[in-house]
Amino acid sequence: MPVTRRQFIKRGAGMVTVGMVIPRFWLSEARGEQIDFDPQRKLVVIQLAGGNDGFNTVVPYTDARYYSLRPVLAFRDTELKAKDGTSTIISNEFGLHPAMAEIKQLYDAGRVAVVQGVGYPNPNLSHFLSMDIWHTADIDGLGSRGWLGKYADLALIGQPNLTAASLGSLELPKSLGADRFVVPNIINFSLYNFLADPNYPGDYNNQINTFNFAASRSMPAGGFLGTVNSTAFESVRGAQQVQRSVSGYNSSVLYPPNNPLAAALRMVAQLMTTIPEASLLYVQMGGFDNHSDQIGDRQGDRSNKSIGDHAMLLRWFSEAIKLFHADLTEHGLADQVLMMQWSEFGRRPGENASFGTDHGTAAPVFVMGNPVRGGLYGAHPSLAAADLDPAGNVRFRVDFREVYATILDRWLGADSRAVLGAQYSDVGFLG
Amino acid sequence: MSNITQDEGAHLLRRMGFSGSPAEIDEITALGREGAVDFLINYESIDNRAMEDLLRTSFDFSNPLDFPRFNRGELQRWWFTRMVYTRRPFEEKMTLFWHNHFATSASKTGDLFIYNQNLTLRGYALDRFDNLLLKVAQDPAMLLWLDGVTNVRGRPNENFSRELQELFTMGITDVVTGDPNYTEEDVKEIARAFTGWKFFHNRFDPDPFSYRFIVNESEHDNTIKTVYSGSPWALSGNLGGEDVIVTICARRATARYLVKKLLEFFVYPVDGSAVDKATIEKFADVYVNRNHSIKELVRAIFTSDEFFSERARFALVKSPVEIIVGAIRMLGARYNPGTSAREGASDNTLAAISIFLGQDLFNPPDVSGWKLNLGWINTSTLLNRFTYADLLVVNRARDLNAPGLWLSHEQLRSFAKKNSKKTVKRLLSRLGPLEVDSEMIGALRTYLESDDHGNRVGFTIDDLTLDKKVRGLIHLIMCLSEFQLN
Chain A
1 MPVTRRQFIK
11 RGAGMVTVGM
21 VIPRFWLSEA
31 RGEQIDFDPQ
41 RKLVVIQLAG
51 GNDGFNTVVP
61 YTDARYYSLR
71 PVLAFRDTEL
81 KAKDGTSTII
91 SNEFGLHPAM
101 AEIKQLYDAG
111 RVAVVQGVGY
121 PNPNLSHFLS
131 MDIWHTADID
141 GLGSRGWLGK
151 YADLALIGQP
161 NLTAASLGSL
171 ELPKSLGADR
181 FVVPNIINFS
191 LYNFLADPNY
201 PGDYNNQINT
211 FNFAASRSMP
221 AGGFLGTVNS
231 TAFESVRGAQ
241 QVQRSVSGYN
251 SSVLYPPNNP
261 LAAALRMVAQ
271 LMTTIPEASL
281 LYVQMGGFDN
291 HSDQIGDRQG
301 DRSNKSIGDH
311 AMLLRWFSEA
321 IKLFHADLTE
331 HGLADQVLMM
341 QWSEFGRRPG
351 ENASFGTDHG
361 TAAPVFVMGN
371 PVRGGLYGAH
381 PSLAAADLDP
391 AGNVRFRVDF
401 REVYATILDR
411 WLGADSRAVL
421 GAQYSDVGFL
431 G
Chain B
1 MSNITQDEGA
11 HLLRRMGFSG
21 SPAEIDEITA
31 LGREGAVDFL
41 INYESIDNRA
51 MEDLLRTSFD
61 FSNPLDFPRF
71 NRGELQRWWF
81 TRMVYTRRPF
91 EEKMTLFWHN
101 HFATSASKTG
111 DLFIYNQNLT
121 LRGYALDRFD
131 NLLLKVAQDP
141 AMLLWLDGVT
151 NVRGRPNENF
161 SRELQELFTM
171 GITDVVTGDP
181 NYTEEDVKEI
191 ARAFTGWKFF
201 HNRFDPDPFS
211 YRFIVNESEH
221 DNTIKTVYSG
231 SPWALSGNLG
241 GEDVIVTICA
251 RRATARYLVK
261 KLLEFFVYPV
271 DGSAVDKATI
281 EKFADVYVNR
291 NHSIKELVRA
301 IFTSDEFFSE
311 RARFALVKSP
321 VEIIVGAIRM
331 LGARYNPGTS
341 AREGASDNTL
351 AAISIFLGQD
361 LFNPPDVSGW
371 KLNLGWINTS
381 TLLNRFTYAD
391 LLVVNRARDL
401 NAPGLWLSHE
411 QLRSFAKKNS
421 KKTVKRLLSR
431 LGPLEVDSEM
441 IGALRTYLES
451 DDHGNRVGFT
461 IDDLTLDKKV
471 RGLIHLIMCL
481 SEFQLN
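So the sequence lines, in the order shown, correspond to chains A and B. Going by the numbering used here, 153 is the number at position 153 of the first sequence; the sequence numbering is gapless. Going by the numbering used here, 355 is the number at position 355 of the second sequence; the sequence numbering is gapless.
Among these hints, one or two may not hold up.
Unchecked claim - Listed next, the in silico DSSO-like pairs over lysine-lysine satisfying Cα-Cα at most 27 Å (straight line):
id, chain 1, residue 1, chain 2, residue 2
1, B, Lys295, B, Lys261
2, B, Lys261, A, Lys174
3, B, Lys468, B, Lys417
4, B, Lys282, B, Lys371
5, B, Lys371, A, Lys174
6, B, Lys135, B, Lys108
Derived by calculation from the structure, the hints in this document are not laboratory data. Source: prediction; values computed, not measured.
Please put together the full structure from these sequences, using the hints given.
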C-alpha cells in the first residue's frame with residue numbers, strides 16, 4: 001500500500017530513530033500529495049548520449065532512398081541477421097540492427113514498442129541544447145526542472161525510503177532536477193557511504209545524529225544553502241539505506257563487466273530487488289556521436305557492417321536490456337518495470353565522407369518491458385528529398401512529449417498536463 | 001586606505017586564493033582593502049622560493065617522454081602542490097579561472113601541451129586580455145583541442161572560430177543588451193582567417209617542451225574575408241587570426257562578457273537586473289579605459305563595494321579544489337607530495353579526491369568548462385566531500401617525511417580551548433569563519449561532550465578527547481552546508 005506523505009509525517013512522530021530525522025523542509029510542505037505513488041509501477045530511463053543513429057537502429061530496408069543516401073553505411077536486407085544467423089527483421093519494411101539480437105527476441109515476445117520518428121518542432125542540432133529540451137520537455141530549452149524531477153516533486157516527497165536515483169554517472173541528469181525533491185545520484189555503491197573515524201566506531205551514532213541535526217535545519221530562502229542542505233540530508237539518509245540493502249542482492253544473472261550499460265543496469269537491479277520503493281531509476285551510456293568510422297574495424301576494413309563503434313554500442317544496449325529483463329524476471333519484478341530509451345537526436349540520413357553521420361533530428365524511441373504492448377508505433381519519417389529540411393534532416397512524426405505523456409498517464413498514474421504543461425496524445429503502447 | 005575586518009580579510013582570501021590560516025588572514029587584514037588587494041595581485045614580488053624548492057625535489061619534468069615522471073597524474077599532483085604551498089595564491093586562482101574559461105582537456109591534447117598551456121595561462125594571467133587570448137590561441141593545446149591544425153584553405157573547420165566568439169570572448173548575445181554579437185556567416189569568415197595556424201618543434205632546440213607557432217602560408221586562405229558586416233566593427237580584407245582577435249577584444253561585448261564571467265567566478269551570480277547590468281557596465285569601463293588590462297580589471301573588482309557587500313559573502317559554492325586545498329590551508333594540515341625520484345614515494349591523494357568531487361584538473365567536461373555552484377552538488381559529490389573530510393581527520397601523523405596528508409596531534413591541541421563552547425567556536429572560526437546559529441553550536445557542543453552511549457559526560461582536554469572528539473568535530477564542521485559555500 002502506498003504511504004502518503006501525510007501518513008508518513010503522522011506516523012513519523014513515533015518512528016524517528018537514530019539516523020532517521022524528518023527534515024523541517026518536508027514538514028513545512030505537509031500538504032496533501034498530488035499523485036498517489038505506486039511502487040509497483042517502476043520506470044527505468046536509459047539515455048544513449050551523443051545522438052543515436054536511428055536509421056541504422058531501425059533499418060528501413062525496403063526504402064530505396066535509404067540506400068541512395070547511405071551507399072556505404074546502409075544495411076541490405078540480407079545483412080539484417082544476428083551472429084547466429086537469425087533474422088532481425090521485424091516487419092515487411094523494417095529490421096533491427098544485426099547487433100540487437102536480444103532486443104529482437106524481446107520484440108518477438110511482445111515486450112518492445114518501437115516508436116518511430118520521435119522528435120520535436122524546430123529541431124536543435126546542438127548536443128547540449130537538444131538534451132536540455134528532452135530533459136526539461138521545454139522546447140525553448142529554458143526550463144530549469146526536469147520532466148522526471150517535476151513528477152518527483154508531485155509524487156515522491158515524503159516517502160520514507162529511497163524511491164528514485166540516477167546510477168553510474170558523476171553528474172545528476174537534468175531530467176531528474178526537481179524543485180524540492182532531491183534525487184540521489186549514485187556513482188557506485190561502495191563510495192556511497194557516510195564514513196567516520198574507524199578508530200572510534202562507538203562514536204559513529206554521535207556523528208550521525210549531529211550530522212542529521214545539521215542537515216535537517218531550515219535554511220534561509222535564496223542563495224544555495226537550502227539546496228545544499230536538503231541534498232546533504234538526502235545523501236546520508238539514502239546512503240544508510242543503500243548500505244543496509246544492496247548487499248542483500250543475489251542473482252544468477254551475470255552482467256559482463258566490460259558493458260557499461262549492463263554495469264549500470266545491474267546497479268538498478270540491486271536497488272530494485274532490495275528496496276521495494278525504488279521506482280524511478282536512470283542510467284546512461286555515451287559514445288553515440290559517430291561522426292566518423294561508424295562501421296568497420298580499426299584497420300578501416302568496412303566489409304563487415306556488423307562491427308564498428310555503433311554496432312558495439314547497440315550490442316551493449318541489447319545485451320544489457322536482455323540481462324536486466326532476465327534479472328527482473330528471476331526476482332518476480334518484470335511485470336512492474338517499464339524501460340524507456342532516448343537520445344537527444346538521431347543522425348542525418350545522408351552519410352558523410354568519414355564513414356559516419358552528422359547530427360540529425362527524429363529517431364526511434366524504444367519502450368520495453370512486460371507492461372508494454374509490443375509493436376511498431378508512430379511513423380517512419382520520409383526520406384524523400386522534398387521532405388528533408390535544408391540541412392538534409394528528416395521531419396519528426398511523433399513529439400517526444402507524447403511518449404512522456406503516455407508513460408506519465410498510463411503507467412505512473414500522473415496527470416501528464418501537470419508535468420508537461422499541455423495535453424499530448426497517447427501513443428498507444430501501454431494497455 | 002579603507003580598513004577591513006577579519007571577516008572581510010577571510011572573504012578576500014577565500015576568493016582570491018584558497019582561504020588561509022589565522023596568521024595569513026591577519027596579515028591581509030592589516031593591509032586594508034586596497035593594500036590587501038595590491039599585495040595579492042602584485043604576486044610577482046612575493047617570495048615563493050620555498051614552494052619552488054619543494055617543486056624541484058618533488059617533480060622531474062625534464063623529459064616529456066619519461067612517462068613515469070611526466071604524466072597526467074604528475075601534472076595534477078604538481079598543480080595541487082602549488083596550490084597548497086604557494087605564497088602567491090592569486091596566481092594559482094587566476095590560472096584556475098583561465099583553465100575554466102579556456103577549458104581544454106588533455107584527453108585530446110596530450111599531457112605535454114596541456115602543461116605548456118598551463119604555463120601560458122599562469123604567465124599571462126594578468127596581462128592585456130588581447131595578449132593572453134593570442135597566446136592561448138597560438139598554443140599547441142588550443143590548436144589541437146578545437147581543430148585549428150586541420151583548419152586549412154579550402155576545408156575550413158569552424159570549431160575554434162565558433163568557440164572563440166561564443167565562449168572565450170563575447171557570447172552569442174551581448175550580456176547587457178541581449179543583441180546578437182555575430183552571425184553564422186561571421187563564424188565561417190573567421191574560420192578562414194585562422195587557416196594555416198600550426199605549431200612545430202625546432203629539431204635543433206634542446207628543450208623538448210619548446211614548441212613554436214607558425215602560419216603555414218600554403219594552407220592560409222589569402223582571399224578577402226568580411227566580418228561583422230553592417231556593424232561598427234565591420235572589417236574586410238585579407239584578414240589573419242590576429243586581426244580578428246584585436247577586433248574582438250576591442251568590442252564592448254567582450255568587456256561585458258569577461259566582466260560577467262569574472263563576477264560569477266569571484267563575486268556572486270549575476271542576473272539580468274538593472275543593478276547587475278550597471279555593475280557589469282561599470283567594470284566594462286575599466287577594461288576599456290585601462291587598455292584591456294586584466295590586472296586593472298580584477299583590481300577594480302576586488303576593491304569594489306560589490307565584492308565586499310553582504311550579497312557576495314558566501315554567495316558561491318566552493319569548487320572541489322577550494323574544498324580540498326582550502327581545508328588544508330585553513331587547518332594548517334600537512335600535505336607532503338613526496339617525490340617522483342623513487343617509485344612509490346609520491347602521493348597523489350588530492351587529485352584522486354578531486355575527481356570524485358567532480359573536478360578532474362586538465363580534463364574539464366567540455367569546452368564550456370565546469371558548471372559552477374549547484375553544478376558541483378549532488379548526493380554523491382556531497383558524500384565524497386564528507387569522505388574527504390573524514391580522510392583528512394583520520395590520518396594521524398606518522399613519519400613526517402612520508403608522503404601523504406594528515407593532521408597532527410599538536411595541531412589538534414592548538415585548536416582545543418578550555419570548554420566545549422570555546423572549542424566549537426574556535427574551529428568554526430578556523431574553518432570559515434562560518435556563521436551558524438546557537439542551536440547548531442549547541443548540537444556541536446553536545447557532540448563534544450557525549451560518550452559512546454549518547455550521555456553527556458563533559459569536555460576535558462586530554463589526548464583521547466583530542467584524538468577522538470576534536471578530530472570528529474572537524475569532520476562534522478566540514479560536513480556542514482555552510483562549509484560548502486565560499
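Verification of the supplied hints:
Distance check on the hinted pair: lysine 295 of chain B and lysine 261 of chain B sit about 15 Å apart at the alpha-carbon level, within 27 Å; holds. Restraint check: the Cα-Cα separation between lysine 261 of chain B and lysine 174 of chain A comes to about 23 Å, which is no more than 27 Å; the hinted pair holds. Distance hint between lysine 468 of chain B and lysine 417 of chain B is fulfilled; the C-alpha atoms sit about 15 Å from each other, no more than 27 Å. Restraint check for lysine 282 of chain B and lysine 371 of chain B: satisfied, since their Cα atoms lie roughly 26 Å apart, inside the 27 Å limit.
Distance restraint check for lysine 371 of chain B and lysine 174 of chain A: the Cα-Cα separation of roughly 13 Å lies within the 27 Å cut-off, and the hinted pair is therefore satisfied. Of the pairs offered as hints, the one joining lysine 135 of chain B and lysine 108 of chain B holds, with about 19 Å between alpha carbons and a cut-off of 27 Å not exceeded.
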